[in-house]
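Peer 1: The chain contents come next:
There are 2 protein chains.
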Amino acid sequence: MYKLSIDAMSGDLGSSIVVEACLSFIKAHDDVELYVTGKSEELEKLKVERIHIIEARDTIPMDAGIMSVRRKKDSSMVKAVVLANEGETDGVVSCGSTGAFYTSAMLFMKRLEGIEKSCLMAILPTYNEKGVMLMDVGANAQNNAEQLHDFALMGNVYAKYMRGINDPKIALLNIGSESKKGDEAHQEAYKLLENDESIHFMGNIEGRDILNGEVDVIVTDGFSGNIALKCCEGTATTLMKLMKESLMSSLKSKIGALFVKDSLYALKDRFDYKSVGGALMMGFVKPVVKAHGASDAKAFNNAMELAYQMVKNDVVGKMKEGLKE
Amino acid sequence: MYKLSIDAMSGDLGSSIVVEACLSFIKAHDDVELYVTGKSEELEKLKVERIHIIEARDTIPMDAGIMSVRRKKDSSMVKAVVLANEGETDGVVSCGSTGAFYTSAMLFMKRLEGIEKSCLMAILPTYNEKGVMLMDVGANAQNNAEQLHDFALMGNVYAKYMRGINDPKIALLNIGSESKKGDEAHQEAYKLLENDESIHFMGNIEGRDILNGEVDVIVTDGFSGNIALKCCEGTATTLMKLMKESLMSSLKSKIGALFVKDSLYALKDRFDYKSVGGALMMGFVKPVVKAHGASDAKAFNNAMELAYQMVKNDVVGKMKEGLKE
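Respectively, the protein sequence lines represent chains U and X.
When the letters of the first sequence are read in order and numbered with our numbering, they come out as residues 492 to 816.
When the letters of the second sequence are read in order and numbered with our numbering, they come out as residues 492 to 816.
With the rest of the complex left out, here is chain U (with noise of 0.2 Å):
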């Protein structure tokens, strides 16, 4: 049995969406059992088989601060990363806010050995509909080079077997592309990288290429990752605003609209960031997912797939290989 801790509580939509998602999600897997955190009077509908209720009287709301985590210990949050922590559970999901998810599974849940910082990866949509992996996009506000390093080797696991990529192309994300580019962190990360036999390591990859999708995985230290996760999501949601409002400039283009603008509604789809689906966090010796906090229960249930599917194939142990090597 492959389990899983469930936080109910954390997302903008409430408990309803989360009880549907893993009443479905148990149908669909007879080799799954949940922990689900939250308060009792709320879950009901969740006193089933293959089910557990773990009661939790607290709630860290969406926009709490990340310092209110420390005294949040009975929180639906804390409690669902503590029990992954401990081995009841295996992984653990939630739809609260990504800074609080991230900051509860800091203070509340141990690191793979020989990782000295965790990270965020966020999958971004590419001009080839592959994607490609970006991470750090925003944990760290500083990384040296070991940290760049160790984010290459835990997503060149991920995009291996979870992504089912063969042979993962991994660049650094950098000002230019010859190897003294950047400042020294990013110039001794490029020699880590280019000396691993172990990845496949493609180079410096510029901003202006992240989204042409030739390669798999983009490392990068979570101050830039974040500036450069945030700028393809600005860019994005501006220039569809823009071209929404130049459909409906004149008559003539609201005609043509009616023509175009299904083609043109299926890209806007695809670089909804919102859609994007959050940030995944690595380097915890549990797989952490994080579903939209506004998640509906299909979104949430995809988010449980995900945890599901790491726990399957042992991502993190693989991880921890990956990093001994």
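One thing to keep in mind: the hints can contain errors.
Same chains, same names: a pair is fine if it fits in one copy or spans any two.
Straight-line alpha carbon distances no greater than 25 Å define the calculated BS3-like cross-link-like pairs of lysine-lysine that follow [said to hold, decoys possible]:
# : residue 1 : residue 2
1 : K518      : K745
2 : K743      : K759
3 : K759      : K735
4 : K811      : K660
5 : K601      : K536
6 : K530      : K809
7 : K672      : K563
8 : K732      : K660
Just so you know, the hints here were simulated from the structure itself, not pulled from any lab data.
Please build the complex by placing chain X on the supplied structure of chain U, with the hints as guidance.
Peer 2: Structure of chain X alone, referenced to chain U:
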């Protein structure tokens, strides 16, 4: 008489467009003298009043490594820079490679007193058509808090006197809005900016808000700024390409495209980062203005106009004062 040195040789399209631009510029401005560096046999047409031809036998090609600049003292680019540095002219314009031109200025032009690091400024298109200044976009691989503060002061003066913004809104690019976000340099820079009453500091800005046009100047270290600029550029390019493809994807959308293409082309032009127009160099004792490598005469003319306005408004002098306050 305002005097500008003009590098006639370093652009992708050769000297002829520069010659054309110089002739029309002289005609439009009767208070300007031009000192044009290059091979005199290519500059025959410039033998007119108020234009001086300065022989320079060497050329720095667009793809030259920036280190080759050191050995190219007889190049049109270096000669144009030296003329300005030595006070023969009041500013310099080139359409050569940004890296080589910046390096020429670094090597052969003095910096403003008190400025540790010069920087590159780019103006990005925004949602509200105002545009936003981003600086540094890649001259430096790393910047400390004082340098970020200097960028803000120079940006403030430029926004006031060149963009006519009365009380420029200045923000610091960071990974969150709170003052404690980011690494030490950014936290320290926040304090310096917050406590400086000579500027209108708006706090931190995140990557996703760069293009919404709510601030006038965004201050950033060269590493993050380069990544931010190129991520915005890359996302815009990718989306425009996909938009075009999606309009050509079916008969129905092709019909619609006939009606909407004018509106969408206008949008494409606005977010064409090729037309965003290179980068302006700040922190030197004279205006250093880069025109596009693939500039046509009109683009080159615009760059000359920018240098002329900077000289006429004594923007560098005002930066000097701004830095003293």
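Peer 1: Now look at each hint and say whether the structure bears it out.
Peer 2: Against the structure, the hints come out as follows:
1. K518 to K745: Classified as neither: same-chain Cα gap 46 Å, cross-chain 45 Å, threshold 25 Å.
2. K743 to K759: Both: 22 Å inside a copy, 18 Å across copies.
3. K759 to K735: Answer is both; intra-copy 10 Å and inter-copy 13 Å each pass.
4. K811 to K660: within (20 Å within a copy, 48 Å between copies)
5. K601 to K536: neither (33 Å within a copy, 74 Å between copies)
6. K530 to K809: neither (35 Å within a copy, 63 Å between copies)
7. K672 to K563: between (44 Å within a copy, 23 Å between copies)
8. K732 to K660: Answer is between: at 24 Å across copies they meet the 25 Å cutoff, but 33 Å inside does not.
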